[in-house]
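J.: Full structure from sequences and hints, please.
As they're listed, the protein sequences go chains X and H.
Counting along the first sequence from 1, when you hit position 64 you're at 191 in the working numbering, and nothing is skipped either side.
Counting along the second sequence from 1, when you hit position 202 you're at 254 in the working numbering, and nothing is skipped either side.
A portion of the hints provided could be inaccurate.
[Said to hold, decoys possible] Listed below are several chain X residues computed to face chain H (Cβ distance under 7 Å; list not exhaustive):
hint: 1; residue: Ala145
hint: 2; residue: Tyr155
hint: 3; residue: Arg167
Please keep in mind that the hints were generated in silico from the structure rather than gathered at the bench.
For glycine and all other residues, C-beta sits at the position ideal for the given N, C-alpha and C.
Here's the letter readout for the chains.
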Amino acid sequence: MNLMTLQRYRNELILLIAVLFALFAFIYKISANTYVKENRTEITKKISEINTILTLKKQWGGKGLGKKVQSLKTVVNTSKVKSFNKKSKKLIASYVGLTGNELNKVTNKLINLPVQITNLTIQQSSKNQYTMEFTCKW
Amino acid sequence: MVILSLMDNNNNRLFIHRDMKPVTLVNSVEIILTPQFYTFIREDLDIRFAYQAKQIAASLFDDYLDHSTEYQYHVNKCQNQWCFFAYNIEEIDQFLETIGIEKHRVSKIYFAQELESALEQPIQLSEKNILQTIDGTVTLIPSQLMERNIQFNPLNIEAEKLTSGITMGASLNSFISLKETILLSSLFFILGTIFIVEGSRTKSSVAKDEALALELTKKHSKYNDSGFRLNLLNKYQPIKKHEITKRQSIKEISKLLSSRSQLVKLTIDKHSIKATIKASDRNVANQVSRNAKAKKLSSSNNGLDVKVEKKI
Numbered sequence: 128m129n130l131m132t133l134q135r136y137r138n139e140l141i142l143l144i145a146v147l148f149a150l151f152a153f154i155y156k157i158s159a160n161t162y163v164k165e166n167r168t169e170i171t172k173k174i175s176e177i178n179t180i181l182t183l184k185k186q187w188g189g190k191g192l193g194k195k196v197q198s199l200k201t202v203v204n205t206s207k208v209k210s211f212n213k214k215s216k217k218l219i220a221s222y223v224g225l226t227g228n229e230l231n232k233v234t235n236k237l238i239n240l241p242v243q244i245t246n247l248t249i250q251q252s253s254k255n256q257y258t259m260e261f262t263c264k265w
Numbered sequence: 053m054v055i056l057s058l059m060d061n062n063n064n065r066l067f068i069h070r071d072m073k074p075v076t077l078v079n080s081v082e083i084i085l086t087p088q089f090y091t092f093i094r095e096d097l098d099i100r101f102a103y104q105a106k107q108i109a110a111s112l113f114d115d116y117l118d119h120s121t122e123y124q125y126h127v128n129k130c131q132n133q134w135c136f137f138a139y140n141i142e143e144i145d146q147f148l149e150t151i152g153i154e155k156h157r158v159s160k161i162y163f164a165q166e167l168e169s170a171l172e173q174p175i176q177l178s179e180k181n182i183l184q185t186i187d188g189t190v191t192l193i194p195s196q197l198m199e200r201n202i203q204f205n206p207l208n209i210e211a212e213k214l215t216s217g218i219t220m221g222a223s224l225n226s227f228i229s230l231k232e233t234i235l236l237s238s239l240f241f242i243l244g245t246i247f248i249v250e251g252s253r254t255k256s257s258v259a260k261d262e263a264l265a266l267e268l269t270k271k272h273s274k275y276n277d278s279g280f281r282l283n284l285l286n287k288y289q290p291i292k293k294h295e296i297t298k299r300q301s302i303k304e305i306s307k308l309l310s311s312r313s314q315l316v317k318l319t320i321d322k323h324s325i326k327a328t329i330k331a332s333d334r335n336v337a338n339q340v341s342r343n344a345k346a347k348k349l350s351s352s353n354n355g356l357d358v359k360v361e362k363k364i
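T.: See the structure below:
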């Protein structure tokens, strides 16, 4: 194609370049939309998953829980703590002769600790007297 | 043969006429067409723009030109009138080839009519022809018609100011007019720019999230693996759900207790939470049972004992 032909079709060439520019820009826009559509869900899911894991780990596997569960031993008179076995990340405890108030205290303390209650038995031994056994882990 | 070296001056100009001698060009040249290569009409028209004048140019030359030949038209304003030129670019091109001027060497084409004032005094183009303005129109006159002792004007065409030139390519007919080209191209460029801006904005909208995800995975690289994340979620989410259920159930059961309804037994195991509540009378037992159901706990009465259960 010589210079003259180019000059002859100068208008058509300018228009063609403009059309191609618009076309490529349109393709870019579509690809940007597709990219965002495909990636936004994935990225948002990833962020949400990581944040959830961090929160859950902090809440249900947090450090220092070993010390916190120790307070279950002192929440009532030690004479009422029949057994209190803490091994690794597991606690087996039993209480006897708890009054209604004391039972409430121990129960509230237990449910406010972020531990997994695997077993719990509360039994009325006599009027306003209770025994309590539970196993929890973290 | 005339050799023109234009290395030192890009504005060399040449009059183009039928009996000129072949030339050799080293660089580009501006040519000035003599009336042998164009037809000229001057009209006093009430038209504002050149493109409007160009639109009617073909009809003006209807009676003067051969319809079997394709002509190109050029219009420019001359004083208060419009000057119309009709020419055949292929004919000019062919002639230029015969005298050794390649078309790509022609940087600009002018019409001798533009030298109207300068040609008030005749100039000699060749032995046979003279160029002179007669009644405002530059005309090619055979030498025989002139007086023998006529004085020719030594015209320096390089020094003349020529403004209304055309190019070889532009003089050929385009399928789309310049006006349409500018309009459509502008539209397409604006459209393209809008698309690019929109695309960039769309892409940048996710950039913030991408940066946050990158920061999190950098800080906790082990969570980059989706399988590992899923395992952890499968481990911790049921714990959260079950433990919350256990705690809420304990609270709800405790709300069923009063001085007239006392807890007898409460057990929590892997699958359920069960409680036995002893009521002081049947009415209280029924009341406890209704309250339990209202709290979405399953309940059953056995005399004064109310059994309450919640599945985990």
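J.: Each hint: holds or not?
T.: Here's how the hints hold up against the structure:
At a threshold of 7 Å, the smallest CB-CB gap from Ala145 (chain X) to chain H is about 4 Å, leaving the interface hint in force. The beta carbon of Tyr155 (chain X) is positioned within 7 Å of a beta carbon in chain H (closest approach about 5 Å), and the interface hint is therefore held. At its closest, the beta carbon of Arg167 (chain X) sits 5 Å from a beta carbon of chain H; the interface hint therefore holds under the 7 Å criterion.
Checked against the numbered hints listed earlier, the structure breaks none of them; every hint is satisfied.
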